[in-house]
Amino acid sequence: MAATLFDKIWDPHVIADLGSGWSLLHCDRVLLHDLSGGRALREVGETGYAIPHPELVFATPDHAVATTPGRTAESFPKGGELIAGLRKRAAETGVRLFDLGQDGNGIVHVMGPELGIVLPGTTLVCGDSHTCTNGGLGALAFGIGASELRHVLATQTLPQKKPKRMRIRFEGTAPAGVTPKDMILHAIGRFGTGAGTGYAVEYAGSAVRALSVEGRLTLCNLSIEMGAKMGMVAPDDVTYAWLAGRRFAPTGTAWDAALNHWRSLPSHTDAVFDSDLLISMADIAPQITWGTSPEQVLPVTGHVPDPATASDPIRRAAYEAALAYMDLKPGQLIAGTKIDWVFIGSCTNSRIEDLRAAAAVLRGRKVAGHVTAWVVPGSERVKKEAEAEGLDAAFIAAGFEWREPGCALCVAANGEAVPPGARCVSTSNRNFVGRQGPGARTHLASPAMAAAAALAGAIADVRQFAA
Amino acid sequence: MEKFTKLSGPAAPLMRANVDTDLIIRIHRLVGTGRIGLGPYAFENLRFLPDGTENPDFVLNKAPYREAPILLAGANFGCGSSREGAVWALMGAGIRCVIAPSFGDIFHNNCFQNGLLPIALPEEVVKQIAAETEASQAARYTAIDLVRQVVISPEGAEIPFSIDARKRDALLEGLDDIALTLRLKDQIAAWQAADRAKRGWVWESVKL
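Sequence lines, in order, name chains A and B.
Residue numbering for the first sequence follows my numbering, beginning at 53 and increasing consecutively.
Residue numbering for the second sequence follows my numbering, beginning at -7 and increasing consecutively.
A hint or two may mislead.
Said to hold, decoys possible - Computed cross-link-like contacts, DSBU-like style, restricted to lysine-lysine with a CA-CA straight-line distance of at most 35 Å: (1) Lys213(A) to Lys190(B); (2) Lys159(B) to Lys190(B); (3) Lys190(B) to Lys216(A).
Just so you know, these hints were derived from the structure itself, not from any lab.
Can you build the whole structure from these sequences, using the hints too?
Structure representation (structure tokens):
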């Protein structure tokens, strides 16, 4: 049968047909974070239910943790309470917790793959919309709300309606300066922020095959910014080589059995998708967002749109509101716009390859004097690996702050924020109004573009800063 | 979960597209807060000016809409973050129904978990309800009947809407979905036992 990767994972995970197109789906892995994890564990107990499979549940504090060097859980007091709750409930229920400073701690979508918790062909849920990131390993991973999370913890299952299938093929080789972040921002700009709603998206094509696992995780991370709860890349030898030896990856004969299964997962060459889209890599230039939705994105050589040219009044109003919030003029060149902050981090772009790419642009150069620049590694492991390579020294020498792992300025839930009115080039995933702090202005870009902006003190074309 | 059957009241027009859940409730308000008490913080960034005073131009600050139980919005309402606090904040602010051309997937699911009804109608229809509502100073009422699956516009037009049968039944009855699922406990256990035999590697490497 000409099944897709998505069908090959979804179908065998259906425990029961619930009628009206609904299935009861088994969840092989559950990830918890500090913002909702402790509460979810507590609520399950309070409503009189047990947690039948603590071995399939993994927790890490990341959202509400300070990232200042030398921080503790209590550095951000409100977060400290959340972490205390998570520790208590994890201990009571037998759920594994990767606490601050411990090996394995980090942003939930960084540590999950890193520890081999996420495996090809598995289903995974987490109370965070960027759970789609994990699809980069060929898993069916999606974000859920607090009530759904409680349901999964109590039953290890979730009633779900099967989404439609979308494929986006990236064909060709990446032009200079174009990273996975630019590929997905380009796709969102082209197809729109609602294009993937109701779909599971598979990214395919020669340019996706050529990506490292980390690049695939970045690509899948922004699926939700296109409306898709699930994004995925078929596993291949790159995936298997990356996973082998990781802490919770299978070993020995179990590895052989898993590998055998994983090799059967890729979409059949005759598989049919409900929507099948094609992007030529030659059409992509380094991207930067200008507005307050990820679809409001431009090549770095582009001009900010003029609302007067928008045909539909809702779109015109959205452009006007975005320009006012971002303090930009219709038709202005985006490059050269003065910035105040740079943030390199988040579940999108805080892995070792991201830090290497940014450091390569920075080496031997200095951050503009008026710019505050932060780099927040995605996990304890990323941090240690970067320090072993001397990347921390490279960032510090250029004028960046080298901080502790966490979500930090992506979501500003930890007492850290970009000040009101300040303009920040950020490697995160959302440029929403107030996302990085009330009144903060966010421009999304790749780590290399963020590094170039830090040096120029303005939005800049990374291709002019050849490493 | 709160039951939902019928509803009637002014429908507040917030006719912008891509209203994300960050805009509905700032994450900052969800750190260490429960499901209750978020109403005053709904749409904080729109509702208040930088000096902390109310923004008189924001629809929910206008007299006929302060208590509006229905919100009219543009496409892709509730996109972005999975935070269920967005639903808790809307409900805390008295909103029980959102009518928009489309919704973010996770937000859409979260609505049903709490008894907030999301209704998808074509943009022209949403605009028409907005126009009829705003045609008089007093903001005329829109009614929702979930049993009959109709929206009754201020002018009295009956607009049918479709809704997933499973979700509708859950709203009408206010069911606890964990209890429902656990009726299938034996089936879940049988699936897991068979899966352990087939895919031992999923289970073995994480054994406690």
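Keeping to a limit of 35 Å between CA atoms, is the pair of Lys159(B) and Lys190(B) held or broken? 33 Å, holds
Would you check the hint for Lys190(B) and Lys216(A), treating anything up to 35 Å between C-alpha atoms as holding? Roughly 27 Å between the alpha carbons, so the hint for Lys190(B) and Lys216(A) holds.
With the threshold set at 35 Å, check whether the alpha-carbon distance from Lys213(A) to Lys190(B) stays at or below it. Holds, because 25 Å separates the two Cα atoms, which is no more than 35 Å.
Violated hints are absent here; each numbered hint is respected by the structure.
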